[in-house]
Amino acid sequence: MKRVALLGMPNTGKSTLFNRLTGAHAKVGNWPGLTVELLSAKLLVGDQIVQLVDLPGIYDIHGFSDDEKVVTTFLETQTTDLLVVVLNTSQLDRQLHLVHQVMQQGIPVLLVMNMVDEAQKLGIHVDAKDLGKQLGLPVCLLSAKYGQGMEQLLPAIRQVLAGTTSTDLYSRDASHIEEAFAKCVSVPAQASHALTESLDHVLLHPWFGLPIFFAVMLLVFQGVFAIGKPLQDATAWVLTEGRTLLLEPLMATWPAVLQGLLLDGLYNGLSTVASFVPLIILFFVFMGIVEDTGYLSRAAYLMDALMSRFGLDGRSFVMLLMGFGCNVPALMGTRVIRSKGLRYLTMLVIPFSLCSARMQVFVFFIAALFTATQAPWVLFSLYVMSLLMAILTSVLFKNRYVNNDAFILEMPPYRFPTFRQIVLRGWQEVHHFLHRASRFIVVGVLLVWMLTNFPIGVGAGSMDSWAGQMGRFMAPILSPLGISAELTIALIFGFVAKEIVIGSLAVIYGQEGQMLVGTITDHMNWIQAYSFMLFVLIYTPCVSTIATIRNETKNLWFTTLSVIWPLSAAWCVSFIFYETASYFVRN
Amino acid sequence: MPLSSQAISNTDAQRTLEGLRVGESARIVALYVDTDLRKRFAALGICPGNWVRVLRSASMGGPMHLRIGTTELILRRHEARSISLAP
Chain A
0 MKRVALLGMP
10 NTGKSTLFNR
20 LTGAHAKVGN
30 WPGLTVELLS
40 AKLLVGDQIV
50 QLVDLPGIYD
60 IHGFSDDEKV
70 VTTFLETQTT
80 DLLVVVLNTS
90 QLDRQLHLVH
100 QVMQQGIPVL
110 LVMNMVDEAQ
120 KLGIHVDAKD
130 LGKQLGLPVC
140 LLSAKYGQGM
150 EQLLPAIRQV
160 LAGTTSTDLY
170 SRDASHIEEA
180 FAKCVSVPAQ
190 ASHALTESLD
200 HVLLHPWFGL
210 PIFFAVMLLV
220 FQGVFAIGKP
230 LQDATAWVLT
240 EGRTLLLEPL
250 MATWPAVLQG
260 LLLDGLYNGL
270 STVASFVPLI
280 ILFFVFMGIV
290 EDTGYLSRAA
300 YLMDALMSRF
310 GLDGRSFVML
320 LMGFGCNVPA
330 LMGTRVIRSK
340 GLRYLTMLVI
350 PFSLCSARMQ
360 VFVFFIAALF
370 TATQAPWVLF
380 SLYVMSLLMA
390 ILTSVLFKNR
400 YVNNDAFILE
410 MPPYRFPTFR
420 QIVLRGWQEV
430 HHFLHRASRF
440 IVVGVLLVWM
450 LTNFPIGVGA
460 GSMDSWAGQM
470 GRFMAPILSP
480 LGISAELTIA
490 LIFGFVAKEI
500 VIGSLAVIYG
510 QEGQMLVGTI
520 TDHMNWIQAY
530 SFMLFVLIYT
540 PCVSTIATIR
550 NETKNLWFTT
560 LSVIWPLSAA
570 WCVSFIFYET
580 ASYFVRN
Chain B
0 MPLSSQAISN
10 TDAQRTLEGL
20 RVGESARIVA
30 LYVDTDLRKR
40 FAALGICPGN
50 WVRVLRSASM
60 GGPMHLRIGT
70 TELILRRHEA
80 RSISLAP
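As you go down the protein sequences, you meet chains A and B in turn.
Last residue of the first sequence? That's 586 in numbering that gives the first Met the number 0, and every number before it is there in order.
Last residue of the second sequence? That's 86 in numbering that gives the first Met the number 0, and every number before it is there in order.
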């Protein structure tokens, strides 16, 4: 099977082209000798199937960044039959250097001049035919986003793959390439995006920029929950009905242990997680829209001055923000950071972002122990605490994980994301999330069920079960924080995923809904509840987070640190809060 | 390349991008950075001979918003200090 690789600078629409060519059939896979996973897909070109690989965006083939090393290693170790070089047509001047480098690789090259829609708006004109003739290779002028000119691409790829074109004819001379482009591309003297200029005038305003930004983010979170909560309730309802109407009658004659394992363990656990899928999809779709419009680079511009004081930068802040939805995609998003020190520091900070799963635990406890007027302020204080912990962590570790990266970031013009783009992206992100998370969730929920139901004969979740014994064993460590044995068990399960915490309390106390709220109110005061919430906020968010950190860094030591540090911080903060607050209440 | 209408009056031999005011343009003459950063700068259009224009500057000493040709980018002042401009 022939192999075709997509190569280009960041922000040239390479991934959009990849998606346009392959639809939703791309697969993430490991490659021998490479430390990162690459997207690839099978593609029908004429009468043969070829493998299309999406290489990471790079500025220079001979560069030193991780992504650049990935591309060099790929080109050295994998036979590639064609390199499709993607260029942003409106910024050709600074990309010619890469074109020259690619033409020296001894691999057939096809030039894709992408974003022709934007170039036309700027008044840039390209004579693709003549350019192709001058350079001795095929040139396709197209817009991957809107599909304009896409019809020429597959025939062009087929022709190169079938042909006998020799790469010896490629120009070795950089000045010849420059001349060819100068001759065939005409750029008006003043080319700028009028809409972008007037939008930036407001959105990057020295005083209003930041308030507008926070208002936009608030709107995104509001939107996710306003639309997502009813969807989540509906999903949960369908899954519960499915259990009572379908699964329970079906399994009525099966052994009790098997029923318990499959229904109370696997099915309940999986459906709790599944009910969060609508929220996750919405979050990705909303953040995708914000990202595709180009606003996130603006956020980095607005926040960089503040973040630099804590050893972070504008990009870290954007990732921290994404963490408020879910930590896992935020951790994966740190790939754009080139400095290893800064990337590690950002990954150490992200798990303190109060994600939607932790929010669910807080909403439950706040409703149980605080009045309606106190509730919003309690929740707000937890958000403040989340940011304070992030700042404390970066200040403490910034000398160990030093940011030696220059902060230079391209500011793309504002763009309207297309519907197709939004849907595809949402689908891909969710697919990756479920693919990664499902293993841990299945293992996790089965473990919870076994620990609360064994040894055989004990009451589910009672103090005699394995979980109860663990709770009693851990009691001396957590009782100084005002956390009881029952809540300790919930914390142990919360280590797997915060989504399980409330569910496991229901199993432990053997109650549900309002009854459970009543029991919690009887068993603890507000100081204990707040101490518990602080612990939940600060310690490890979930196993998926740890797995993602391990996956992204391939560094066991760092992964261990990212577990140990939040755990010890959680203990200290809860301890200080509980003992201080109790002291003042007593006196 | 677009030429600024403002007169370039500063005669300081070591004029750097950091000192360029909002709305002003100037020609880049030299970069005082290592090879890796030089490559990244070049890929974004920051190389000797090109004209750079300051669109705006973030408050509290934040990054500068620049335009070089048709490319817009943001750069910290610390890095702007290593870019020397024609007087």
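For the record, the hints were derived by calculation from the structure and aren't laboratory data.
C-beta: ideal position from N, C-alpha, C; glycine also.
One thing to keep in mind: the hints can contain errors.
DSS-like, lysine-lysine: derived pairs with alpha carbons at most 30 Å apart [to be verified]:
1) A:Lys1 / A:Lys128
2) A:Lys68 / A:Lys41
3) A:Lys41 / B:Lys38
4) A:Lys397 / A:Lys26
5) B:Lys38 / A:Lys228
6) A:Lys120 / A:Lys41
7) A:Lys182 / A:Lys339
8) A:Lys41 / A:Lys553
9) A:Lys128 / A:Lys68
10) A:Lys1 / A:Lys41
11) A:Lys397 / A:Lys553
12) A:Lys68 / A:Lys397
13) A:Lys120 / A:Lys182
14) A:Lys68 / B:Lys38
15) A:Lys397 / B:Lys38
16) A:Lys553 / B:Lys38
17) A:Lys182 / B:Lys38
18) A:Lys41 / A:Lys26
Covered stretches of chain B (chain A as the covering partner; in silico rule of three or more C-beta atoms under 8 Å from a C-beta of chain A) [as the list claims (entries may be wrong)]:
19) 17–24
20) 36–42
21) 69–76
Verification of the hints:
{"no.": "1", "hint": "A:Lys1 / A:Lys128", "result": "26 Å, holds"}
{"no.": "2", "hint": "A:Lys68 / A:Lys41", "result": "25 Å, holds"}
{"no.": "3", "hint": "A:Lys41 / B:Lys38", "result": "34 Å, violated"}
{"no.": "4", "hint": "A:Lys397 / A:Lys26", "result": "36 Å, violated"}
{"no.": "5", "hint": "B:Lys38 / A:Lys228", "result": "48 Å, violated"}
{"no.": "6", "hint": "A:Lys120 / A:Lys41", "result": "34 Å, violated"}
{"no.": "7", "hint": "A:Lys182 / A:Lys339", "result": "42 Å, violated"}
{"no.": "8", "hint": "A:Lys41 / A:Lys553", "result": "28 Å, holds"}
{"no.": "9", "hint": "A:Lys128 / A:Lys68", "result": "33 Å, violated"}
{"no.": "10", "hint": "A:Lys1 / A:Lys41", "result": "10 Å, holds"}
{"no.": "11", "hint": "A:Lys397 / A:Lys553", "result": "21 Å, holds"}
{"no.": "12", "hint": "A:Lys68 / A:Lys397", "result": "26 Å, holds"}
{"no.": "13", "hint": "A:Lys120 / A:Lys182", "result": "20 Å, holds"}
{"no.": "14", "hint": "A:Lys68 / B:Lys38", "result": "14 Å, holds"}
{"no.": "15", "hint": "A:Lys397 / B:Lys38", "result": "26 Å, holds"}
{"no.": "16", "hint": "A:Lys553 / B:Lys38", "result": "28 Å, holds"}
{"no.": "17", "hint": "A:Lys182 / B:Lys38", "result": "25 Å, holds"}
{"no.": "18", "hint": "A:Lys41 / A:Lys26", "result": "9 Å, holds"}
{"no.": "19", "hint": "17–24", "result": "violated (count 0)"}
{"no.": "20", "hint": "36–42", "result": "holds (count 6)"}
{"no.": "21", "hint": "69–76", "result": "holds (count 7)"}
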